[in-house]
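Asker: One line per chain: the protein sequences are F and D, in this order. Under numbering that gives the first Met the number 0, read the first sequence as residues 0 to 911, first letter to last. Under numbering that gives the first Met the number 0, read the second sequence as residues 0 to 90, first letter to last.
Just so you know, these hints were derived from the structure itself, not from any lab. Remember, it's a predicted structure, so these values are computed and weren't measured experimentally. Just so it is clear, CB atoms sit at the ideal spot from N, CA and C, and this is done for glycine as well. This list has only true hints and no planted wrong ones.
Computed cross-link-like contacts, EDC-like style, restricted to lysine to aspartate or glutamate with a CA-CA straight-line distance of at most 16 Å:
id	chain 1	residue 1	chain 2	residue 2
1	D	K63	F	E137
2	D	K63	F	E256
3	D	K21	D	D44
4	F	K823	F	E810
5	D	K63	F	D139
6	F	K903	F	D610
7	D	K63	D	E33
8	F	K17	F	E198
9	F	K317	F	E302
10	D	K21	F	E256
11	F	K863	F	E906
12	F	K8	F	D316
13	D	K63	D	D30
14	F	K823	F	E789
15	D	K63	F	E166
16	F	K8	F	D70
17	D	K63	F	E329
18	F	K8	F	D71
19	F	K823	F	D608
20	F	K829	F	E800
21	F	K887	F	E855
22	D	K63	F	D71
23	D	K21	F	E221
24	F	K8	F	E72
25	D	K21	D	D66
26	D	K21	F	D250
27	F	K458	F	D378
A few chain F residues facing chain D, derived, Cβ under 8 Å:
id	residue
28	P44
29	A45
30	G46
31	R165
32	A225
33	N251
34	R252
35	Y253
36	E256
37	N325
38	L326
39	V333
40	Y334
Single-letter residue listing:
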Amino acid sequence: MATPVLATKLYIPPPPPKVVFRPRLIERLNEGLFAGRKLTLISAPAGFGKTTLVSEWIAGGDRKVAWLLLDDEDSDPTRFLTYLVAALRTVVPNIGAVVLDALQSLQPPPINPLITALLNEITTIPYHFILVLDEYHEIDSEPIDHALTFLIEHMPLQMHLVITTREDPALPIPRLRARGQLSELRAADLRFTLSEAAEFLNRMMGFDLSEENIAALESRTEGWIAGLQLAALSMRGHQDVPGFIRAFAGDNRYIVEYLVEEVLQRQPESVRSFLLQTSILVRLNGPLCDAVTGQTGGKARLEALQRGNFFLNPRDDKGYWYRYHNLFAEVLRVYLMAEQPNQVPALHRHASVWYQQNGLEADAIRHALSAEDFDRAADLIEGSLPAMRRSRQESTVLSWFQSLPDELLRFRPVLSVVYAHVLLASGEINGVETLLGNGERWLDTTPTMGVRRDAPADKMIVVDEETFRLLPGQIAIARAGLALARSDVAGTVTYARRALDLAPEDDHMTRGGAAGFLGLAFWTNGDLDAAHRMFADGMASLQMAGNIADAVNGSITLANIRITQGRLHEAMSTYERGLQLAREQGGLGVRGTADMYVGMSELHREYNDLDAAMQHLLRSKELGEHAGFPQNRYRWYVAMARLREAQGNLSNALDMLDEAERLYMSDFSPNVRPIAALKTRAWVAQGRLGEALDWAREQGLSVEDTPTYLREFELITLARILLARYRSNRSEGSLRDAIGLLERLLQAAEEGGRMGRAIEILILQALAHQALGDMPSALQPLGQALTLAEPEGYVRMFLDEGTSMAGLLREAAARGIVPDYTGKLLGAFKVEGQRSEGVSPTPDSQPLIEPLSQRELEILLLFKTELSGPEIARELVIALSTVRTHTKSIYSKLDVNNRRAAVKRAEELGLI
Amino acid sequence: MAYKRGLKREVDQPIFYQIRIKGHLGCLWVDWFEGLTITLEENGDTLLTGPVIDQSALHGLLRKVRDLGLPLLSVNSVGPNLQVNKPAPHE
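Isolated chain D, as found in the complex (with noise of 0.2 Å):
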């Protein structure tokens, strides 16, 4: 059941991800990222929070991330509605 209905999900609406990384990125990267928005934790980390359209769209970002050889720490899914109250985003 719990499998169905995640597949509906996805095929309804994108999914909000939360990707996790090591490091800060820049506010260079905001286009590079299309879609996502880049929040800087005081650990270092990076998050970058947004919706994701489908699985390959995902694959797609990880992709990116694994060509800049950035140290992936976490992928989540979250609801949309945690991304409201995050900390201020990047300059």
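Next comes chain F alone, as it looks inside the complex (with noise of 0.2 Å):
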């Protein structure tokens, strides 16, 4: 299920039928409009008429509008999101279908890869249009600051956006003003000049006032048009206007308590109580007056208060739904404050039954929470948790829940156990143990965990009994996020263990989670059968949990072990139905689609089809971040690094590894291929050795080590520096201990069954025998080697030796050892060597009188793909014009004057 979207928030307000033409400021904002600038800030406190403004101006002009209107439970990433594709559908049928899947599926919303995906489809828009988010005020979430930062810096031409608010936002304001961007409407341009204020009495109010009266009001209310419209409120049916603006000019006190006094002063008992009972409604219509002030006639009186001017606007075009002018109610709700205090619970909790008997659960439980009536807001709340899950609106459970005291909690297992999994889910761990209890408590504690017998259950308060079923798995599950959190490995595996036994079959979604957790906790350890076994049940499980997403992301792992196991084909296939998955579920713009590819490449790689390798890197990257799991980023650059070894650009590829670096990003999944280790690689094939054995000594690396699982890569690294020392300086003694280390490294992958890091090891192996002269000794691990990589169809592994193993190779060809593939690998190398003859694309040999930039190469590499300029910009996060300097320096490094020439060029020159 959607968050259910209000279209009371998305109605366009029409100018008031009587208003100030102001051209003077219509005219600024036109200004900035045509001039192509991003923003157009109305910054001013309330009551200045921004708003009105606003709606002024859009309705005297011809671009189409979508409105925003804020409050402030949009302070929640998705529910944010959810509205702004919302709004922006109103002019943009359809638009934002993808970031609507990812919404449902991902928390939190990677909030920028998703405003990446709305404007890349707002570029493909064949007009243009007006954004108003109206009251930004009422956001205080830095995520959403930083959305928009990231929005209004790419956004396409195609989209202004316009924001009113009562502070300025966090958001480059300085940076927008300096660069042009910026169109600016503050307080003091707002303010009524003295003429239009006598325009605004005399002509819109039908008042006939003297110069002296009005220049009296414009000064007392300094141009503030609140103030302005609440004096003509009160001066109507007066009987002395002037003695009244006389007063009022030589008052002090706040103006719109003042006047708002003075109005309500002159209203009948019933108006009078009508407005201050209503006044705790965010949003009225006749039905929800009644209900709170036990009256009847609300849709008439809200009709008659419009038609008085009372601060009242329709919310849209059925005259159904009203709302007051914030700064009138606030003062409404100080009177009624002080006037009736306790009647204002009551108010609420009118106001929450009818919510609840509409079908608007979370407008009824906000109310029962400003009654204080406890109780009926935990009963609202855990009857709604299921479909507040599905809509995935998680920051505001999360406020639901801290505004429930604690006590009540320990009387509500259900409350409590969702409470803890809510903050588990936000990365809060305190707490968590205390409302596990809370739920515990009521439990049996063994194995079964049916409902203890002793248990007080007259005090036991469950609402939703389909959760309540479910509990005991869902603690345990609490439990194992709760250690893994705390890197608890034999906890984590504890408690998803119970937590299988426990959660019946039918609960997919916990089961899915422990089946992850214990793969997890295998796969740290290296026992990667069970790893598998798990994570494929996992998988089916989130499946049929509707968890499209994270089974998807669990491909990623079941193919990682099956290449650490040396059973490629396999990891080929997973990516396979991964992407199937995938599609069956919308389109390619599922998350994770990205990540396939990024996988795939590296498995071409591996059977040396470098073309194919490439084409799936560059798919991965013009379907977009959106569809990548945030790992993705820098996987994406580790299988390029890879690939550009494989091209023999080592620098390349070290660039490429420092900006891997630069975007690791850890999951829980164990880092098994450090890139520190890769960079070491690297170094070594450019002979780098005292950086290579730096990096050994930071890590503490030795010979002696037990070969663990998770130090395994870091191990063979070592011993690969130890055999380029000894090629370099034949140290002899070092080199024996490589031997040895190999040896039990060997032994502890066979052991482990992962057999594609037994085959590299067996070649390290013959590398070393070869060194040291003793050819059978070489030989005999090399036929392994090659029994164990010829099903699989490994080329790289023995390609990126170099000539050591072709001379190795030819060795074991003479003797007739797997002749076959022997003779397959040999072609392979004889390919490799006539193209490295040709050009030589190594980085610092750039075949150009001027190198290319790291930056130049990775444009060049987008101009590959359909992606356009803007669109280049904004996955590279650079400013188009930098795209454009870039490109002009590509054209003249490389002699060409386009696009497609500058590929063809690049091409021919091995560049990329």
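Assemble the dimeric complex from its two separately framed chains, guided by the hints.
Answerer: Listed below in structure tokens is the structure:
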């Protein structure tokens, strides 16, 4: 279920029927719009006519307009994005399907990728439009401020953003101002001038005030529009208008208070009490007002108030929903609190009941909390949990939970346990233990975990019986998550197993999570078969629970395990299945698709199909960031680095690894191929042994180390360093150490079934013996490696070892060892040799007078995709003008004058 | 050092603040600005004075001021004893 979208928030308010025409302001707004500025900021305190001005402006223009009226609940990023898409859909039908999908499946939502996805869609719109974010001061959320900053920076020309706010938003306003991208109106601009005040009072409101009186009002209110409007409301029907003005002008009281009092005094009691009592409502309609006031005729009353200019604005076309001007409502609430404080909770409770009866749960909960009727609120919250969880508004749910008293939670096991899960999901572990205890104290602690017989069951309160049934498993899985968050692998295993025991067959979410936790633990311990089995089970459960994104994410883990096991074909089919799953689910935009292409690229590289490897990487990039998990950003660069290495471009490979290191982002998976070790291998290949040895020292690596799976890759790297050192200085002792280490590594890898690793170790053994001149000892492990590698089609594993390996393979071929495969590999060596004799694409020797910079190479690479200039800019998070500068430079260095020619030339030169 | 001291004080006890706004507020507002004394100055300003438990409570107060469109003139932290010799509070 998606977040229910209230149409009242998207309603474009029409300019009031009687409005002072303000050409000086309209002109400035138009200027900013037509000058192509990105943002119009209207920042002024309450009551300065911000919204009215914008509605007047857009009504007079011909651009399409999307409008979003914000409220404090929109500080929840999921809700904000949902409404943003809903608002955009009023001008761009069907935009943001990918975003809504992602909001369903990902928590927390990856905001910038989702904004990028929206912007990409906007780029293709053939018309201009304006998005108005009304009352942005309601937003109190750094992620949303950041998202909006990102949106403004990358906003396509089609779009113009308008923000109205009572305080300057946390956006880079000075920067926008300095770049001429900001059009701005502030309080000083918005105040009514004397002539505007005169027009308002005499022409619009129908008074016949003298210049002197107008000047007195203007000066008392300082042109504050709400003040003048209230004054007009107070003067209506007043016997002695000049007397009123004199009194008002001579008084120091807060204008709104003074005038609201004037207005209230002049109303019949029934109107007065209607105004006060309904001031608690954010939105009003007839039946809701009737419910709150206990009267009838609310609808007619609202219509009369609107006609009488009582600061009541329609919020839809049908005249159903209304909203008080905030300032007016605020002061009415103060009167209500002062005059009838004891009645306020009851009013909120009435509102809560009405909302509940009309299926608007969130509003019902908000009013129950305002009424401090926590039992009612707790009942409502528990009842709405399934829907809220589906709509993924976790921060809204979290704020509800936080308003509930601790004591109440002790009697509500379901609420407590769900609260614990929400806390864990938001990365908070404090308080989780207590909440789980709240749940457990109503349950039997024996393995069956039924309801305790001796529990004072009359005191326990459960609304959601369905979730209560699942509680034992959910408590256990929360504890597993807690253990994992504390890096306690043993605890994770214990609780995950318990969760599997306790969760009923149909609780797919819990079962999937538990299997995933167990899989991670086995993987960390190097038990790959068990890990694979667990992950596969977990994925199946998650899929059944409808959590496709996590199921797709699991494919990456499964394939990684298969690669380590030396089962490349199975790894490839795992990626293919992941891709298929994503496709069935909603096209290529689904998260994880980009990750599958990166994984497949690495396999193609191993098969020595470097073109296919490159194509897959480009495809992944084309899909955009939103199609990948956060870790895909660094994995992409790792895969590219490995491809560069295969192409012989080591320094570029190192640049890519630096980038990968910068983007590295951990997930719960063990880091079994650290980027630093990959960099060290590249140094070794470049002959930078000093740096490589420094790395080994910093890591505390030693040939004496007991091989564990977690350090395996690093220890193999150490063996490589020692082998290279022997080749350069013939220090035999360290090579013997390396051979001993390799022997132990091999044994551990074979015991753990990590045949992919075993092949590499065997190859290194062969190379070490070869270096010592002991050919028989070299051929024995080589033969084993060839036998293991042949069925899986490994090529680069051998090719990457260079000429020494070619020599070994020739010896093997001469002795008829795995002859077909050996022949094939030697063929690959030959092709590689011819290629590198042609043009050497080594970075350090680009065949250009002026070599391309790293950034230029990246852009050149993106030229191969279908991405447009602005899209490339967005992809690299740089300004379009910067892309253009680089492009010019690329053209001049390659001596071409268009994109296609640049790509062709660069390919000829082996640069990409 | 000064920074540290300020921080410590905030942790230990509420700070007294004095918020000056333009225009007089009636007695209605006593509950609205919970816990603060409302004092009317002769020049037409209003002082809201009293203990504020922490920074987020202070910002909450300022937000209330903002939402009423009240012109904010100053915000000062004051010693607790300062509020003793105030002019007569609002009737």
